[in-house]
Amino acid sequence: SRWVLRDVPFTTLLVVFAVVVGALPGLAIATERIMGRRLRPDGRIAGAIRAVLAAYYRFSGGVLYVPIQFTLFSRIPKRIVWPAAAVGFVSLFAIVVGGEVLNRGDLAYSANAVLPSRGGARSVVADHFETTRDPDSWVPYIQSDIVTGPYVRLVVPLVPLQYADRLAGVCPDLEPVASEGLFSFSAADPPPDAATEERLLACFGAIWSLSLDGEAIAPAWDFLWSARRGPAALLAYLPTEGLAPGAHVLRIERMPRPPEGDAAPPVEAGGARSRADAPSTDRPAIYLIRFRI
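For the sequence shown, my numbering gives the first residue as 1, with consecutive numbering after it.
Keep in mind that the hints were calculated from the coordinates and are not lab data.
A virtual CB, placed ideally from N, CA and C, is assigned to each residue, including glycine.
Watch out, some of these pointers could steer you wrong.
[Said to hold, decoys possible] Computed spacing ranges between beta-carbons, pair by pair:
| # | residue 1 | residue 2 | range |
| --- | --- | --- | --- |
| 1 | Gly88 | Ala46 | 40 to 46 Å |
| 2 | Pro239 | Trp138 | 24 to 30 Å |
| 3 | Val21 | Gly242 | 56 to 62 Å |
| 4 | Ala23 | Val66 | 30 to 36 Å |
| 5 | Thr31 | Ala164 | 39 to 45 Å |
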């Protein structure tokens, strides 16, 4: 068995937080305990220890809880107090952060070392189908793994955090169409005109590239609205006419985030797609949906 840690910014932030909050103060305390009287009070090491502990005391809120903590621990031997406090802190951090990492999917468990951490072109992933998906899932999906009608109904959920910087890259001159954001959720507001929707769909569609069985396709996108969330997703109907009976693979790729301060060429008025040519440290998200006709 194995654990696979995926390279995502969230995980990096957690590691930095653990180092700043736990490792640096712990190293400073351990150095002082081990070296003790051998440290010169006016030396660099002693000065660094004082600086680290002073910063930790100030920014962690120690001014509020440390006096109370020392009062409560005054009758307990230090050889018990400090190891217990360290174990307690590490345990709480592991429970809270570990649960968040597992929920986000940053850390995936594979029961067998020969199995991949996620499905590929020969895998049928339940979250990609409306009949079997988790309602809280945000990945693209179609109606079923067996398509019997004239269209494959593709739904790509809109996740605001995934679109803000990408929209700025492909459509830097895009302006809000509502007073409180890009969309208006009020039933009292008039519907947007066709040109506005076409422009928005061209911008959102530029973030995604699709291919079916290796052939690039450019679907006509619509917005899928819900009463609770407003524009909840992008919607496309892909015709099945001409597809041979059997298995097919729909590949959906989301463009990486553009580098900071670098924008992709704007989308043309007619809706032609353009992608950022500059390199980016963010990897594109790729989804493979295997279905049968």
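Comparing the hints with the structure gives:
no.: 1; hint: Gly88 with Ala46: 40 to 46 Å; result: violated (28 Å)
no.: 2; hint: Pro239 with Trp138: 24 to 30 Å; result: holds (26 Å)
no.: 3; hint: Val21 with Gly242: 56 to 62 Å; result: holds (58 Å)
no.: 4; hint: Ala23 with Val66: 30 to 36 Å; result: violated (19 Å)
no.: 5; hint: Thr31 with Ala164: 39 to 45 Å; result: holds (43 Å)
In the structure shown, a violation is registered for the earlier hints numbered 1 and 4, in ascending order.
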